[in-house]
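Visitor: Chain residues, written in single-letter form:
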Amino acid sequence: MPGLSGRMSTVVKAKISKLLDRAEDPGETLEYSYQKQIEQLQNVKKGIADVATSKKRLQLQSDKLEQSIVKLDTQARQALAAGNEELARTALERKNVAQSELQSLDGQIKELQAQQDQLTQSEQNLRTKIEQFRSKKEIIKAQYSAAEAQVRISEAATGVGEEMADVGLAMQRAVDKTENMKARADAVSELEAAGTFEDLTAIGPGEDDIDRQLKALSTTSEVDSELAKMKAELGSGTPSAGELGAGSGPEPAAESGPAQGES
Amino acid sequence: MIVRISHEGQYELADGSVAALDELDHQAVRACEAGDEDKFHTAFGRLLEFVRTNGRPVDADHLGGSDLILPPPDVSLEEASKEFTAEGFIPE
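Protein chains in written order, with my numbering: chain A, 1 to 263; chain B, 1 to 92.
Hints are supplied without guarantee of correctness; some may be wrong.
[As the list claims (entries may be wrong)] One side only, chain B facing chain A, incomplete, derived with CB under 8 Å:
#: 1; residue: Arg4
#: 2; residue: Gly9
#: 3; residue: His41
#: 4; residue: Ala60
#: 5; residue: Asp61
#: 6; residue: Gly64
#: 7; residue: Gly65
#: 8; residue: Ser66
#: 9; residue: Ser81
FYI, nobody ran anything at the bench for these hints, they're computed from the structure.
Note that the Cβ used here is the ideal one computed from N, Cα and C, for glycine as well.
Using the sequences and the accompanying hints, generate a full structural model.
Guide: Encoded structure:
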């Protein structure tokens with residue numbers, strides 16, 4: 001079959017024949033194959049651990065983002081209650097960025113989980129096959145002549161070799177995917193360093209930009225309300241042009257002052 | 001005949017399945033060559049489904065090789081259109 005399966009078969013067969021060509025002596029071939037199988041099994045275990053580590057890292061990032069979203073939402077409400085719509089808008093904009101980032105992170109975490117499950121299953125299959133190969137190896141060594149053994153070794157090694165090649169492929173694809181995710185996480189970190197998301201990840205007692213602005217805002221509104229109170233105490237309304245002697249305090253003192261004095 | 005779906009496992013199919021498999025495979029390859037992502041996933045999905053429904057899963061302790069090896073179910077169009085060479089796709 002020249003299609004997709006043909007391409008895959010060619011690759012796998014090339015890998016297996018490479019494995020079998022290493023040794024002439026059947027006994028040696030068996031031991032060499034078995035050694036390679038054990039090595040591959042170790043690699044798979046390592047690969048699964050790497051995937052789990054990447055997943056954990058993404059989960060931590062995801063937790064942080066969730067906290068930021070809650071915080072930014074609270075900040076937006078506070079800002080709006082204080083009448084600063086612009087600040088509320090800023091907080092909501094950041095919240096949106098955090099939310100879309102969280103969505104893509106969660107997708108990646110699911111993808112990694114699926115990969116981890118798949119590799120764990122592959123590891124079990126490979127382990128079963130290697131165990132089978134190990135017992136067959138002893139039988140072949142004990143019972144067959146060199147010529148017969150070669151045929152049986154080839155059969156047995158092909159089965160394990162194919163499984164190994166497949167697991168190798170699965171591992172490589174998992175590694176490539178986590179590399180891509182790392183690259184994306186690095187890009188996000190760079191944006192963070194540049195201040196784009198600075199406040200999204202700020203947790204704990206540290207004050208961030210929005211906190212400071214909110215504090216400044218509450219100070220401003222205190223001043224404003226005090227001013228408003230003062231205005232009310234001093235009397236309402238401003239004097240219209242021509243109305244003299246009303247004594248309406250601080251208004252256009254420089255110009256109307258002398259006019260008042262004359263009357 | 002034994003067919004392997006990469007990353008999934010081996011299936012034993014009746015020898016007469018080869019013509020149907022060949023046709024489904026060609027449809028997938030044509031979509032792949034045309035660069036039609038949707039068509040490719042549909043055709044490739046049909047090929048996998050044929051193997052799963054017409055085949056019987058091979059026991060894990062079976063040591064034989066496969067007559068056909070299909071790419072993994074989540075293969076991308078980009079991966080499928082690449083030549084799957086020993087250097088390029090499977091690590092040494």
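Visitor: Evaluate each hint against the coordinates.
Guide: Outcome of the hint check:
| no. | hint | result |
| --- | --- | --- |
| 1 | Arg4 | holds (7 Å) |
| 2 | Gly9 | holds (7 Å) |
| 3 | His41 | violated (13 Å) |
| 4 | Ala60 | holds (4 Å) |
| 5 | Asp61 | holds (4 Å) |
| 6 | Gly64 | holds (5 Å) |
| 7 | Gly65 | holds (4 Å) |
| 8 | Ser66 | holds (6 Å) |
| 9 | Ser81 | violated (10 Å) |
Checked against the numbered hints listed earlier, the structure breaks hints 3 and 9; every other hint is satisfied.
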